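Let the sequences and hints guide you as you build the complete structure.
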Amino acid sequence: MLSMRGIGKSFLGVRVLSGVDLAVTAGEVHAVVGENGAGKSTLMKIVCGVHPPDEGTIELDGRPVRFGHPLEARRSGIAIIYQEFNLLPERTVAENVFLGREPVRRGLVDRAAMEEATARLLGELGEDAFGPRDVVKRLPVAQQQIVEIVKALSVDARLVVMDEPTAALAEHEVESLYRLIGRLRERGVAVLYISHRLREVFDLADRVTVLKDGSRVTTLPIGEVTPAELIRLMVGRDLGAYFPPRSARAGEVRLRLRAAGNRKLRDIDLDLRAGEIVGIAGLQGSGRSELARAIFGAEPFTTGEMTPARPRSVREGVALGIGLVTEDRKAEGLALRQSVRDNVLLVARAVGAGNRAGVRDLLERVRLAPVRRDQEVRYLSGGNQQKVVLVKWLTMAPRVLLFDEPTRGIDVGAKAAVHDLMRELADDGMAIMMISSELPELIGMSDRVVVLRDGRVAGTLPAGASEEAVMRLAAGEAA
Amino acid sequence: MDLLTRARGPARGGLAAHLREPTQVLFLALLGLVAAGWVLVALDGGQFLTLESVVGIQQRSAALGIVAVGQTLVILAGSLDLSVAYLISLASLVAAEIMAGQDGNIGPAVAAVLAVSALVGLVNGLVITRLQVHAFIATLGVALIIRGALDHLYDGPAGRVPESFQVLGYSRIGPVPVSALLWAGVAVLAWLLLSRTRLGYRIYAVGGDEEVARLSGIRTGRVVVLAHVLCSVCAGVAGLLLAARLGAGAPTVGTDGGYDLESIAAVVLGGTALAGGKGGVAGTVGGVLLLAVLDSIFNQLEVNSFVKDVVRGVVIVVAVAVYARRTRGRRA
Amino acid sequence: MPRPKAAIAVLAALVIAGCTTDKPATTQSAAPATSSQDSGTGAQSEFFVQADFDAQLAMRSKTPQGPADKPWEQAIDPEMIDTSRYKKDGPYHLCFSNAAVDNPWRQVGWKTMQAEVGLHEEIGKFTALDAEGKDDKQISDIAELQAKECDALIVSPNTTATLTPAVTAACAKVPVIVFDRGVETDCPVTFIKPIGGYAFGADAAEFLTEKVPAGGKVLALRILPGVDVLETRWSAAKAVFDDSRLQVVGVEFTDGDAAKTKSIVSDYIQRHGTIDGVWMDAGATAVAAIEAFEDAGLPVPPINGEDQQDFLQKWKDAGLTAVAPTYPTYQWRTPIIAALRILRGEEVPGEWNLPQPKVTSENLQTYLKPDMPPLHYALCGCEDLPGFPEDWGGKKG
Amino acid sequence: MRRALPILAVLAALLIAIALVNPHFLEPAGFLAFLKRAAPLVILAAGQYFVIVSGEFDLSVGSLVTAEVVIAARLIDGDESATWPVLALLVVTGLLVGLVNGVVTTRLRVPSFIVTLGMLLILSGAVFLWTGGAPRGALSDGFRVFGRGGLGPVPWSVLILLVLGATAILLMRADFGRTLMAVGDNERAAALSGVRVHRVKIFAFMLSGLAAAVAAILLGGFAGVSAQVGQGLEFSAITAVVLGGVALGGGRGSVPAAMAGAVTLEALFTLLNLYGISGALEFTVQGVIIIAAVSAAAVRLPRKSTPRTGDAHAAS
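Chains as they are written, first to last, in the UniProt record's numbering: chain Y, 1 to 479; chain U, 1 to 332; chain P, 1 to 397; chain Z, 1 to 316.
These are computed hints drawn from the structure, not numbers from a lab. No incorrect hints appear here.
EDC-like, lysine to aspartate or glutamate: derived pairs with alpha carbons at most 20 Å apart:
no., chain 1, residue 1, chain 2, residue 2
1, P, Lys-148, U, Glu-52
2, P, Lys-316, Z, Asp-77
3, P, Lys-396, Z, Asp-79
4, P, Lys-396, P, Asp-371
5, P, Lys-395, Z, Glu-80
6, P, Lys-148, U, Asp-44
7, Y, Lys-137, U, Glu-210
8, Y, Lys-137, U, Glu-21
9, Y, Lys-137, U, Glu-211
10, P, Lys-369, Z, Asp-77
11, P, Lys-395, Z, Asp-77
12, P, Lys-369, Z, Asp-79
13, P, Lys-125, U, Asp-44
Here the structure is a predicted model, which means the values were calculated and not measured.
Dropping the structure here:
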C-alpha cells in the first residue's frame, strides 16, 4: 500500500536519514525499531507530511505522492500519533479528537455526533475513566495519550503511525491498545508501530524494520527473528566506535543521595564521585531527567537526604557547585538570539560569580575558539551549541556536572569531541552524571550504569555491561 | 524556582475546586456585587434595583458589551484589537451621514457600516497574518490611520439619524431596552459561533496552540483574519447603536467611551485568557455587566469618577490574579 | 460615501488652516497656511452666524438687570417667562446631569454649584451624575435622573447636537434648565450662559488690534476645532482681524497642551524672528505661550489669556500688556437659583444671558488672589460662599 | 548595533528632509531645541525598552507621567525649598509604581498588559481624586529649570538625556542587561541558569517607572502643570521602541536603537508639520509608517520559533 524508496533527509547539514526503503501492506502491523537517533521519528514525520524528504520517492497505492502539509497526508488516509502530545488542553476530548474536521449538520457543528463517535472509539478502546466531554487538561497524562490515539483513529485512517504510543500508558491500557490494533488489522488498516519495548514489537508486529544511524539494516517477518537477535541488529555497530579510555581512580564522594524522592522519584540512593562518570539509563518516563533536575534543584527532592545539601532552587544547586546540561538545548539551555559570549556568561552573571576572565581559555579548551564570540548562538551547529552550554557551566568550575542527553542531535564528529571533553573533565576531578538513550554511548562512556525504572533505581551495572543487560533491567523483563 | 514547578501543581481542593471556571467565580462576584450594591444604596437612603437603574445598567453596557463580544473573538484567537474605538466613531459617522435623517437610507447606511468595518477588520487581520506584525502594533497602526481620516474629515458631530432608527437607542420592551436586545443577540450569535461552528472551534484552536491547530490542518491565518473581521463588525454594530443614541455621528464617541482598552479589560475580567484559547462570551457578558453594575452603584452613591477609575483598575488586576491562581498551568 | 457640501467646506477650511491636532509629543508646527486672504485667517468657520455675532457684540455694552454685586443673578435683555405652572412646595429635589469634571474650569464651577446648593435650605436633596465626558453616559444619566422624582433637572450638555433627544425627552417630565453649552431645542425652561464666545473672541482680538502696531504679526492659538463654544470665539476674532491691518501669521491648534503650545510659539518665534501679538481662544496655556517668549529672551508681546490665577499672576509680575476675557465660572451658581425661582413660580429669563466681564490692567488687582491655586478661575463668584477658599484649594489669606 | 542601522538610515533621511525645509534646523541651536523636545520621549522609550526586551509591556507610563507632574505641583505649591525633596519623592514614586507593576506581573502571574492597564486607571484616578479633579499648586522655578533651563546653550534636558542614555547603554552591557535579554529570549533557559527571572523583570519595570519620573520632571519643567501632559505617551513610547526594531515578545533589539526610534518618531512629527501635512492626516501617515516599518522588520527576521514542539533534528 505504502512504499518508500531511497528516502534521505538532512537538517542543517546533519544527515538524519539516507536511502531508507520501507513498504507497508494493508492490514499489516509493521514495527520500526532502532536506537534513539536512528532516524525513526524523522522517517515517520516524512510519512505524515510534516517534513518533505530531500531524496527518494513515496508511493501510495502505486501512485507517487508528495505531502506538503500534514493535512494532505491525512486526506490520503495517513494518521499519526505524535510522541509529543498535540492536544489543546482547554478543550474537551471530543473537540480535540475532531479538531479541524468537526462534523457539521445544517451549518452547525454536530456536537452529538462528535461526542457519540468519540464515545464509541473510547468504548472500543475499553476506556471508561473519562468521556468525550471531559476537558483534556484535567486528564492524567496516560489518558491524554489515549485521546491522542483516538484522535488518530477517528479519521478512518488506512495507515496509522504510532510513535512510542505506550510510553505513558499503564499495563491495562496497553492491553486495550493491543486489542484496538488487532481490530484495526482486521479492518485492513496498516499500522506503523515504533517502540523501544521489544515485547510489544513481538506481541503485535507482523514485520519489523530495523533502522540504525539513519539507514535501514533489514526488514524481517517477526517469526524469523528472536528478541536477542533484534537487539543485536539494533545496537550492533562497528567495534571501532571510539570512546575515550576510562580512568581507574574514583575519588571522594561529591554527592550522595539516600532515599531521596519527590513526585516523580522514589527512594533514590546514588553516589557521585570525583573523577567518575555515572551513566543513567532507563526507558522514557522512567525518571531520568527528573533525577537530574532534582539534584540540580530545578524540581527539588522533597524527601530523603542529599549530601552536601538538598538544593531547593536552581541557585542553591549552582551554589553547591552543581551544573545541568539540559536535554533540550534550544528550549532550556540557550538563549538562541543572544551571542555566544552572553550565553557562556549567563550563569556567571546570574549568580554574580564565576571565572569570567578565563572564558577565552575555556572556549579554546572545548575547541570553540574559532567561533566569533558575538555570533548569535542560533547560527551555530548543534555540536557547537552544546559546547556553548558546556562552557556556560565550566565558568562556574562545578564540582558535579549533570549531562542530560549531551549528544542528542549533533553529528558524529562533534559527539566524539563532547565525549572526550566529558572524560577530560572527569579526569580533572569532576563528578559527572550522564543520561543517554543511546546505549552504546552510555555504556561506552560510563564507569557505572544506574538503571531507573518507574522512578526508582532498578539496578546498577559495572562498566562494560552489555546493552542487553541494561535493556533487561530498564524494561523489567527478559527481552 | 516556582516558575518551573508551580505550573505543575494540582488545583487546590475544597470550594476552590468547585469554582475552577472563572465564569463561575465571576457570576458569583456579580451576584455579590448586586447584593452589596443593594445594601449600600439602601443605607444611603435609595433603592438600587429600580426599573430605571436596571434599564440604565443595560443601556450603559450595551455598546461596550457588543464591542467586548467582538474583542472576545480576537482575544480567543490569540490576537487583540486596539482599533475598535476609532472604528466605532467612524461607524457612527458613516451611519449618520448616509442616513442624513431619511428613513429610506437606513438600509444602505447599515450595509455601508458593516462593509466598512468588515474592511477594517480584514486589514487588521491581513497585516497581522501576512505582514507578521504583532497585533498590538498592527491594530494600533490601523487605529492611527482611522484617527487621521476622522480628524481630517470631521471636527464635530455630523449627519443625522432619523427618528425611526433612534428606536434602537431609546425604546424598550418592558424593562429590556432594544439596545440590550441587540447586545444579547450579538452575544448569542457569538456564543453560537464559538460553541457550534467550525470557525468557533478553530478560533479556540488557533488561540490555544497555533502549532497544534496547524498540524490539525487548520489554516490558522484565515481564522485570525475572520476573527478580526467579526470583531470589527461588532465594533461597527456598536457604532450604529451609538449613532442611534446620539442622533448623529460623532468623531469622538469611541475614544470618549474608551472602548479599546475597556473592552479588553471586560474580556479579561470575564476570564478569557489574554494569551488566547480559553474563555468565552458568557464570561465577557459577565465582565461587562460587572463593570456596569459597579458603575451603577457608583452613580447611585454619586461617587466621583476618579474613585471609579481606581476601583476599576483594582478590580481588573485582582480578578485576573485570582484566575491565574485558580487555573492550573498548562502542560509545561 | 456621499458627503454633504458642508463637510467639504469644513475640510477645505481645515486644509487651508493647516491645522495640527492632538498628540502628546511636542512638535514643530506647520508652516503658516497660504491663504487667499491677506489676513491669513483662512475661511470663516461654518459655525459663524452673523446675527448672533452682532447680538453678542451689542450685549457687551448693555447694562445687565439685577443686583450689581451678584453678576450671577444679573441678566442682559431678559425676556421673562411665566413659570407658575411649575410652582410647588418645598423641600425640593434638584437633579443635575454634568457633562464632566475633567478640567479646572468645570472643577471650579462644580465646587461653586455645590456651595450654592448648600445655601438653600429648601433644597431637600441634590442628585448629581457625572457623565465623564461621554455622550452616551449622559443620555443614560438623564434618563436615570428622570426616575428619581426630581423637581427640576439641570443639564450641562457634553455636546450640543447629541444630547438634544435626551433633553427633549426630559422636558416632558420636569422643568429643565440648561447651562454652559446649549441644546437644539427650545423645550428647556431657561438656557443660562454668559454673553458668549463671539464676545470673548472679539474682546481679545479688539485688544490686539488696539495694542499691536499696524502690520504686526499675530499668532492665533486654538485648542481644537469643532467645539461650538470655541469655534465662535475664533470666528469672532477672525472677523475682527480681517477688518484690521494686522497680519495673522498662523492659526494653530494646541489641544490645550502646555508643552505643545510652548513648542508652537517657540517655532514661530524662530521662524519669524518675532511675534507681535498672541490671540488665544482659551487661557489655560497662556502662561506656556508667555514662557516661550521669556525662554527666547524676547519681550512678551500683547497677549490675551483668561481669568486663571497663574495668568493673572504672570501678568502682574511681568507687567504684561494683556487682557483676559472671561467665560465666568459663576454661571454655575445661576442654574440653582433659576431652578428655585421656577419651582416657586417666579419668572425667569427664557434665555439668561449673564454678564461677561473682562479682566484689564485696571481691574487686574481685584481679580488677582495670590492665595488661590494657579488654575483657579477668578470669576467664580464664590468668595461669599461658605467654605471659601479652602474648598476651592486656596489658603486662608 | 548592526540592527540599529536601518533606523539610523531612516532617521538621517528624515533629518535631511527637515533641514531642506528649515535650514535653521541643523544649526546647533535648532538641533538642540529639537533634542530638548525629543528628550522626554527618548527617555521614556529607553525605559519601555527594558520592559519590552524582557517580554512584557508597560502601559502605565503615560498616566504615571501625568500623576508625577500633578503630585509635584501639589506638593511643591510654589515653595522653592520643597523642590529637591519632591524631586526625590517623584523618583521614588516612579520606582515604586514600577515595583508594583513588576511584582504583580511576576508573582501573581497577571499578564503585564493587564497589570499596567489597571495601573493606568488607578494612577489617573488616584491622583485626581487627591487633587479634586484638576491639578493644584504650582511648580517652583528650581523644578522647572530641568525642563526649561540649560547649561550655557545646552538645555539640561539634553544633558540629562545624554547621561541617562549612556547609563541605559552601560546597563544593557552589564550583567543585568545581558541577563535581562536572556530572560526575554528564553525565560526557561535563564531560570535553569540560575537567573532570578522575577527579580530581573521587576527591576526592568522599575527602570520604566524611573524613566517616567524623569520624563515627568522634564515635561513639567518645560511647560508647567497640565492634566494632559502624559496623555498617550505609553503608546508613543511603545511605538518608538518597536520602530527601533525591538521586537514585542522580548529578547531582541538594542537600547540605542529604541532611543533612535523615539528620535525618529519625533523627527517624523516635525517633518509632517513642516511639510504642512494636515495635522489630522499626520496620524494616518504615522500609522502607515509604523506598520510598514514593523512588517519590513518581520519579513527580514522570521518569527521566533516556538520551542514547545521541539525541533526536528533533536528527535530520533
